[in-house]
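Asks: What follows is each chain in one-letter form.
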Amino acid sequence: MIPHRPMFWHIEYVWLFYVLAAVAGGLFLAGVAAHVWVWKRAARYFRIPFSQKAVKKTLVDALLGRRVFQGNMAAGAMHFLLFWGFLVLFIGTLLLAAHHYVHPFLIGSLYLGFSMAMEIGGAMLMLGLLWAIFRRYIQRIPRLETTKEDALVVAWLVLVVLSGFVVEGLRMAFQHPQWGGWSFVGNCIGNLLTISASESLYPYLWWVHTLLALGFIAVIPFTKLFHLIGAPASLYVQNTPKTPLAPEDETVETLDLADLVFFDACMRCGRCVEVCPSAGVGEPFAPRDFVQAMRLRLWMEYSPFGDVRFLSRGHEKKMAERIWYCTTCRACLEVCPIYGATFEAIRKMRAVAIEEGTQVPQILIQTLDKLYRYNNPWEASKKKRAAWAKELDLVDLTKTEKETELCYFVGCTTSFDTRAQEIARSFSWILQKAGINFGILGKKEPCCGDIARRVGEIGLFHEQVDACLKLFSNYGIEHVVTSSPHCFHTFQNEYPEAPFKARHYTQVLHDLIVQRKMEFEKKLEVTVTYHDPCYLGRYNRIFDEPREVIRAIPGIRLVEMAHHGPDSLCCGGGGGRMWQEDLDGETKMSEIRIKEAHATGAQILITACPLCLIMLEDARKTSGLEEELRVMDLNELVAEAMGKGNNI
Amino acid sequence: MNIVVCIKQVPEVTDAELEITKDGTDIDKEDLEMSINEWDNYAVEEAVRIKEAHGGKVTVVTLGDEDAEDVLRRALAMGADEAILIDEEDFEGSDAVGIAKGLYAAVKDLDFDLLFTGVQSSDDAWGQVGLLMAEWLELPFASLAVKIELGQGKALVQRELEANTLEQVELPLPAAVTIQTGINEPRYVSIMGIRKVRNIEIQQRTAGDLGLSDMEIGEQGSHVAQRRLSLPEEGEGAEILTGSLDEICERAAQIIRDRGGVA
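Line order of the protein sequences matches chains F and A.
Sequential numbering from 194 applies to the first sequence in the working numbering.
Sequential numbering from 98 applies to the second sequence in the working numbering.
Just so you know, not all the hints are guaranteed correct.
[Said to hold, decoys possible] Derived lysine-lysine pairs resembling DSS-like cross-links, with alpha carbons at most 27 Å apart:
{"hint": "1", "chain 1": "A", "residue 1": "Lys126", "chain 2": "F", "residue 2": "Lys576"}
{"hint": "2", "chain 1": "F", "residue 1": "Lys710", "chain 2": "F", "residue 2": "Lys694"}
{"hint": "3", "chain 1": "F", "residue 1": "Lys592", "chain 2": "F", "residue 2": "Lys637"}
{"hint": "4", "chain 1": "A", "residue 1": "Lys126", "chain 2": "F", "residue 2": "Lys583"}
{"hint": "5", "chain 1": "F", "residue 1": "Lys663", "chain 2": "A", "residue 2": "Lys293"}
{"hint": "6", "chain 1": "F", "residue 1": "Lys716", "chain 2": "F", "residue 2": "Lys837"}
{"hint": "7", "chain 1": "F", "residue 1": "Lys592", "chain 2": "A", "residue 2": "Lys126"}
{"hint": "8", "chain 1": "A", "residue 1": "Lys205", "chain 2": "A", "residue 2": "Lys251"}
{"hint": "9", "chain 1": "F", "residue 1": "Lys576", "chain 2": "A", "residue 2": "Lys251"}
{"hint": "10", "chain 1": "A", "residue 1": "Lys205", "chain 2": "A", "residue 2": "Lys126"}
{"hint": "11", "chain 1": "F", "residue 1": "Lys577", "chain 2": "F", "residue 2": "Lys636"}
{"hint": "12", "chain 1": "F", "residue 1": "Lys511", "chain 2": "A", "residue 2": "Lys148"}
{"hint": "13", "chain 1": "F", "residue 1": "Lys814", "chain 2": "F", "residue 2": "Lys837"}
{"hint": "14", "chain 1": "F", "residue 1": "Lys511", "chain 2": "A", "residue 2": "Lys244"}
{"hint": "15", "chain 1": "F", "residue 1": "Lys511", "chain 2": "F", "residue 2": "Lys576"}
{"hint": "16", "chain 1": "F", "residue 1": "Lys636", "chain 2": "F", "residue 2": "Lys626"}
{"hint": "17", "chain 1": "F", "residue 1": "Lys575", "chain 2": "A", "residue 2": "Lys126"}
{"hint": "18", "chain 1": "F", "residue 1": "Lys510", "chain 2": "A", "residue 2": "Lys148"}
{"hint": "19", "chain 1": "F", "residue 1": "Lys636", "chain 2": "F", "residue 2": "Lys575"}
{"hint": "20", "chain 1": "F", "residue 1": "Lys636", "chain 2": "A", "residue 2": "Lys126"}
{"hint": "21", "chain 1": "A", "residue 1": "Lys293", "chain 2": "A", "residue 2": "Lys148"}
{"hint": "22", "chain 1": "F", "residue 1": "Lys637", "chain 2": "A", "residue 2": "Lys126"}
{"hint": "23", "chain 1": "F", "residue 1": "Lys511", "chain 2": "F", "residue 2": "Lys341"}
{"hint": "24", "chain 1": "F", "residue 1": "Lys595", "chain 2": "F", "residue 2": "Lys576"}
{"hint": "25", "chain 1": "F", "residue 1": "Lys592", "chain 2": "F", "residue 2": "Lys636"}
{"hint": "26", "chain 1": "F", "residue 1": "Lys575", "chain 2": "A", "residue 2": "Lys119"}
{"hint": "27", "chain 1": "F", "residue 1": "Lys592", "chain 2": "F", "residue 2": "Lys575"}
{"hint": "28", "chain 1": "F", "residue 1": "Lys595", "chain 2": "F", "residue 2": "Lys694"}
{"hint": "29", "chain 1": "A", "residue 1": "Lys119", "chain 2": "F", "residue 2": "Lys577"}
{"hint": "30", "chain 1": "F", "residue 1": "Lys595", "chain 2": "F", "residue 2": "Lys710"}
{"hint": "31", "chain 1": "F", "residue 1": "Lys577", "chain 2": "A", "residue 2": "Lys126"}
{"hint": "32", "chain 1": "F", "residue 1": "Lys837", "chain 2": "F", "residue 2": "Lys577"}
[To be verified] One side only, chain F facing chain A, incomplete, derived with CB under 8 Å:
{"hint": "33", "residue": "Glu548"}
{"hint": "34", "residue": "Gly550"}
{"hint": "35", "residue": "Thr551"}
{"hint": "36", "residue": "Val553"}
{"hint": "37", "residue": "Gln555"}
{"hint": "38", "residue": "Ile558"}
{"hint": "39", "residue": "Arg566"}
{"hint": "40", "residue": "Glu572"}
Please keep in mind that the hints were generated in silico from the structure rather than gathered at the bench.
C-beta atoms are modelled at their ideal positions from N, C-alpha and C, and glycine is treated no differently.
Just chain A, with the same shape it has in the complex (with noise of 0.2 Å):
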């Protein structure tokens, strides 16, 4: 059973106090750490636990810049077997088209029975890319799958739908799949697992070897643009706290008294 798996590095905004770029595109990533996109950490999982219980290997791809091997190494040391890095240079601009195309390009030739993507990336949220990549290569799909059983060259899986539903599919192999978050419990990636795979080798791609020309892929190659980014504006009702911790406390409180919320 092999599986190939896409993932992505994406910045770990949480807790982060996020401003945008002076151009209003993008958020100043400059102070904020990376890591993996937590959608396609349940996939990487879902990936190796397969790979554990039928054999086969796991084969992880990723577009992003050299930091982006981070995210690679990470799914190595979880029990990813190989890891491909497409350079995002030429992909400057790109839509979620332009992405997958990238994707597709690096994993067409592949011999794999699984494609599995997360749902959707934390960041942009197009939630396209395994959907676009199951429609080229001509693959049978399910997304948000929140379980999956392997039966003789077929796969049964588990969608999550609207109001805690849930629909069984099943599909032939080889299909794709997008990975809803919950679908399992990620391991735990140790600094010393990740010392570990720090000699394997990971592949390089940049868009002229996949192929892809300017016209394809990039701002050329898209067809959404993106204008303008904006933090949510403090809408009425909504009020900021601000003064020493004990100052905020008393007025909380305060508030929560006169709304009536404790008697």
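Chain F on its own, in the form it takes in the complex (with noise of 0.2 Å):
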């Protein structure tokens, strides 16, 4: 006898088996078209580029479950086996209807590697099913959260597995087909079995195997298991080149595309909570929670029949004020498997709450009106900012027709800060004895713009933005170097077409050391560590220069401490946060962040950013690491090697 599987074998009424698929099918096309209207309903834009990168990005990502792998081989070994589990399934039940209704060809050995594939694909389900359960109830994960949702979606996964094999189990002990041995795991249980009593209950369990598959099919859309279709599709678009938003429309950011369909996505993970350094400091935030926020919060506006979720986690009424939190570090993105970028949705989510006006936080106002009135976030002065170089002798690119190379950009915050005005002096210093033809803008350096950008002020952003272009432009200023990573990211990818070209000053540092225009002078017998500023590595991703600069220097040390490069963790002070210190809980970022660098029993932390500079500063005498720890920044630890002081 030929292998093959006899179809709706022992069966009657087969018409409801149609009726019911076709509800099921239903539903799950009903649920996904939801989705698609809703994000068409509250996208600023709804167009989806082709793009060839993208479509190989989501292929390989999803196929091989790159980024669930990436730093958590449990977790992604656990992912593969659902994933391809579930895929073989679904396309074995496609073949199957193929053979059915088109032409048979499940016959003879084809049949037989299609049974063991099957086989096969339900034990993978099976198994990563298991090791999803023991993960999240017995392992505990903390990251991973145990809502109703979450034991209902894995329960009727392995109640469709089972049932699935028992089935088949009591269809093998009353065939007993030769060929059995191919379909191991249904041939062992119909082994267990005896021939009436298998004769008698198939035909109930096949039914009751049918209505769970079915189910699960329905209730896809409305669970989190809509990241089936939704993880691939923000792969996608998260891919793909960002609609350019015109002039016009620039005035008010709101959500496109790659935000909706990343907040339906996203499968609660909790991967970014896991990196969040808010929520790591056990402040009121999580980039998850403001996810299942802002889904809840989309779905309530934009659809009519509100929520599709049944099992939805509820209501976060609190988000509205917890949006300030978020230092806009970046770690999540690093981590979250579908290229969600959280920050960028609050950065919209506070242009929104700015332009209303009434839930800014009072300090922040205050902060914005400095900004506003005297181009710092600091002092309630514009004469004040160049102050720090008084005793230099520097040219000021807007009192002389002097050619220079390169335009020095301070920054507010090293322009005014006693201890970041060091990072000024000694860059300067640098740059004077290394020969550079340079100059500053003196007081009427304006605001790059970076912290209206990040607290959503899109207006003065844009006022901040054309004060700087037509500066630069009436001083003919092509090349700028900035201290800060947050100027020179938002230079370098912020600016519209910026006609000059930006770099940080670790770049600067890296060139003159590559040219040999630097001399070190001092053997400098010191161990330190590096501290990644978020602007400067996670988003412009310059993690080697610095690195290449500090080993330049004879003598010293580098050591690096658990969380360095694309892991490094955030000092607390980006994204507005700097300026909202009444938001600090009892445990400061920056606090964990020092006690790692001298974990590593570096006598230097060295870092090369202002706002990371006042914050590990503070942190190290909060911490009372005062006598063992010291904090630099780089520019000050290569003028001392080069002879500046004698302080190390």
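Starting from two chains that each stand alone, build the complex the way the hints lay out.
Replies: Given below as structure tokens:
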């Protein structure tokens, strides 16, 4: 006898199966359509550009589960089993349908291969499910939630797979085909059963399995399982080029398609919570909570039926006041399997809050007032901006006809904060010593717009952009170097077609070393560790330059902290948090960081950002590490090795 | 519920280094940033909140030069509906009474239920304008309001008195109230918010339009003349530390230790 599988064996009322299948399929399609409809209504732009790069990335990320494996093999393996188990069974079912309705081809050895593949698929799915249950309920991994939805989804799937195998076993027990060994799981179960029991039980269990499986398909869009559709959609959309906003549209930013797909695709895996520095110190914010709150809010606003997820987590009432906690450190994007940029969505929601006005924290209002009136968030004075350079002989580009090759854009914090001013003094000294022809903008230097942008003051940001561009063009400035990674990032990535080239000082120092324009006079026999500023590292992928500069200094030993490079921990000063101290809780992010630096045994913690410098310097004092650890800017270290001062 | 709010533009002096003008009657405002008087900001916010809850419209009035348009635009961005700018030209040298006359003349024919002013202005701090207007308009009046509730044809106003005591008074409408800081949390006014109201017309008035003669306002119409303004002199026991930051800190720490500030 040729190996094959009889279809609808022992089943009556086959028409009922078709009706139920149609209902399930209809519900599934309706659910998916509802999502697309909500996205279309809520998105500022609903355009899905074709991009070969995005297709490739989606396929690779989805099929291999690359982002799920990243940094978490156990979770990756679980996802791999579930994904491939599910996919094999899904494709197998399609093939079986084709075999039945189109042309019978699953016979003979092809059938045996098919049988075995389905068996392996089911086993993988089951194994993946058991692993998932183990991780969530026995191992109790903190980032995994245990809501009703989480329990229902996994239990339902277990029942589908289990009933499938039992039904198969019943059939095997009765038929005992000689090729049964190919369906090894079903065969094992079959061997445990008697023929008479299987014959009477089979039709009932077949219907149970069918109902569970069809029901499962129907609930996909109405639970977190929507990520089956949403995740690949998010992978694709996040990797297509963003629709550039027309100037008149840039005034109020609203969510775009990529954000919306991301909110709906989120599986609540909690990787973002694990890396979020704000959540890490126990502040009442976590990216996942924000994403869930946004998802719910959008459904309540744009769908006439409200939220379609019948087991939703419910309302996050306080999200409006919690959006100010995010430091925009970008750590969540590093780990999100579907490239969800929560901090970008936060920025957009802040813009909405700023325009509305009534939910802006008072302390932030004061900072913004200062920023508007005095062009800096620190002091009610424009004049004092150049005070740090008083005793230095520097060229003021706004007062000279002299040609210079480089404009040193000092930035607000470096100009006004007494600790951060050391960055400017050291860097100017280094440039002078290296014979670089450069100048500063003195008290006419404006704010680059970083803070306004980060806290959502779009109108002010654009005024500051215009003011900067005008000033640069008035004085013919084409090359700019910044103290702050924040100014650098804003110039580099957020100015519309900037007609000037911006670099961060670490890049300039690196160039000076490569071009041998810098000479170290001193051997520094110290151990140091380097803290990656978010806007230099994660945002602009400048990880190596500062480290190479450090290593070039004779005698120095560089050790790494547990978190470094793309995993670096935020100092807590970004995203406007520097000026909102009242959001700080009992523990500060900077204190966590300074302890990690201390644990390396290094004597000096080096950083390359004025905000990090201030935050870490403060944390050093509040953590009682004043005697054991020093915090220095890279410029200070380099200047020291070049012979300025005698502090090490 | 229609509300009129009188507001004023004042110089920001909190962190500024103040200088007295040569004739000694005023501070040099040349390099100072101007903004809305703090009390008035609370008054506008309170008016807008009442409007948002009960409907009606909010009209803001100021007396100042053309730059004072900024505070009117700001109030419009907060949610006010109309704005009136009284040209300060003929009011030069006016005392609080002169200013109040100008505002009174602009307001008296408007249809309103509540008249708000700040308790005082941060620059001259006479604290008279609200009271004077209430008197001339023959309106019931409450000062130092820290809470306002509206009932049928009346307003329940909580007044802030000494030593944290509160007094609740009931005023039949229309009424005049001066607003104390802290009555609410004024909303943020964004740059775009201000841009959005740039096309709202601001009604211009001169002293002439308002039927005020030179005898009533300006120096001639004032009872009080400003004679001299001076910065406080360094008194006994005060010491201003100079030098680098480190030296200043060192010296300050020394003083605290010497006087037994830390054990």
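Asks: Determine for every hint whether it applies to the structure shown.
Replies: Hints versus structure:
1. A:Lys126 <-> F:Lys576: Between Lys126 (chain A) and Lys576 (chain F) the Cα gap is close to 15 Å, so the pair holds against 27 Å.
2. F:Lys710 <-> F:Lys694: The given pair, whose Cα atoms are some 21 Å apart, holds under the 27 Å limit.
3. F:Lys592 <-> F:Lys637: 10 Å, holds
4. A:Lys126 <-> F:Lys583: It holds: about 26 Å lies between the C-alpha atoms, which stays within 27 Å.
5. F:Lys663 <-> A:Lys293: 24 Å, holds
6. F:Lys716 <-> F:Lys837: Between Lys716 (chain F) and Lys837 (chain F) the Cα gap is close to 13 Å, so the pair holds against 27 Å.
7. F:Lys592 <-> A:Lys126: Holds, because 26 Å separates the two Cα atoms, which is no more than 27 Å.
8. A:Lys205 <-> A:Lys251: Given pair Lys205 (chain A), Lys251 (chain A) holds - Cα atoms ~20 Å apart, limit 27 Å.
9. F:Lys576 <-> A:Lys251: Between Lys576 (chain F) and Lys251 (chain A) the Cα gap is close to 51 Å, so the pair fails against 27 Å, i.e. violated.
10. A:Lys205 <-> A:Lys126: 32 Å, violated
11. F:Lys577 <-> F:Lys636: Satisfied, since the Cα-Cα distance of roughly 7 Å is no more than 27 Å.
12. F:Lys511 <-> A:Lys148: 25 Å, holds
13. F:Lys814 <-> F:Lys837: Since the Cα atoms of Lys814 (chain F) and Lys837 (chain F) sit roughly 25 Å apart, the hinted pair holds (cutoff 27 Å).
14. F:Lys511 <-> A:Lys244: Holds: Lys511 (chain F) and Lys244 (chain A) sit about 25 Å apart, inside 27 Å.
15. F:Lys511 <-> F:Lys576: 41 Å, violated
16. F:Lys636 <-> F:Lys626: 24 Å, holds
17. F:Lys575 <-> A:Lys126: Cα-Cα ~15 Å, so holds.
18. F:Lys510 <-> A:Lys148: Cα-Cα ~25 Å, so holds.
19. F:Lys636 <-> F:Lys575: Holds, at about 6 Å.
20. F:Lys636 <-> A:Lys126: 20 Å, holds
21. A:Lys293 <-> A:Lys148: 20 Å, holds
22. F:Lys637 <-> A:Lys126: 20 Å, holds
23. F:Lys511 <-> F:Lys341: 22 Å, holds
24. F:Lys595 <-> F:Lys576: At roughly 23 Å apart (the allowed maximum being 27 Å), Lys576 (chain F) and Lys595 (chain F) satisfy the hint.
25. F:Lys592 <-> F:Lys636: Roughly 11 Å between the alpha carbons, so the hint for Lys592 (chain F) and Lys636 (chain F) holds.
26. F:Lys575 <-> A:Lys119: 24 Å, holds
27. F:Lys592 <-> F:Lys575: 17 Å, holds
28. F:Lys595 <-> F:Lys694: OK: Lys595 (chain F) and Lys694 (chain F) at ~20 Å, within 27 Å.
29. A:Lys119 <-> F:Lys577: 25 Å, holds
30. F:Lys595 <-> F:Lys710: Holds: Lys595 (chain F) and Lys710 (chain F) sit about 22 Å apart, inside 27 Å.
31. F:Lys577 <-> A:Lys126: Distance of about 18 Å is within 27 Å: holds.
32. F:Lys837 <-> F:Lys577: 25 Å, holds
33. Glu548: 5 Å, holds
34. Gly550: Check passed: Cβ of Gly550 (chain F) comes within 4 Å of chain A, closer than 8 Å.
35. Thr551: 4 Å, holds
36. Val553: Nearest chain A Cβ about 4 Å off; hint holds.
37. Gln555: Gln555 (chain F) check passes; min Cβ-Cβ to chain A is 6 Å, inside 8 Å.
38. Ile558: 5 Å, holds
39. Arg566: 5 Å, holds
40. Glu572: Glu572 (chain F) check passes; min Cβ-Cβ to chain A is 7 Å, inside 8 Å.
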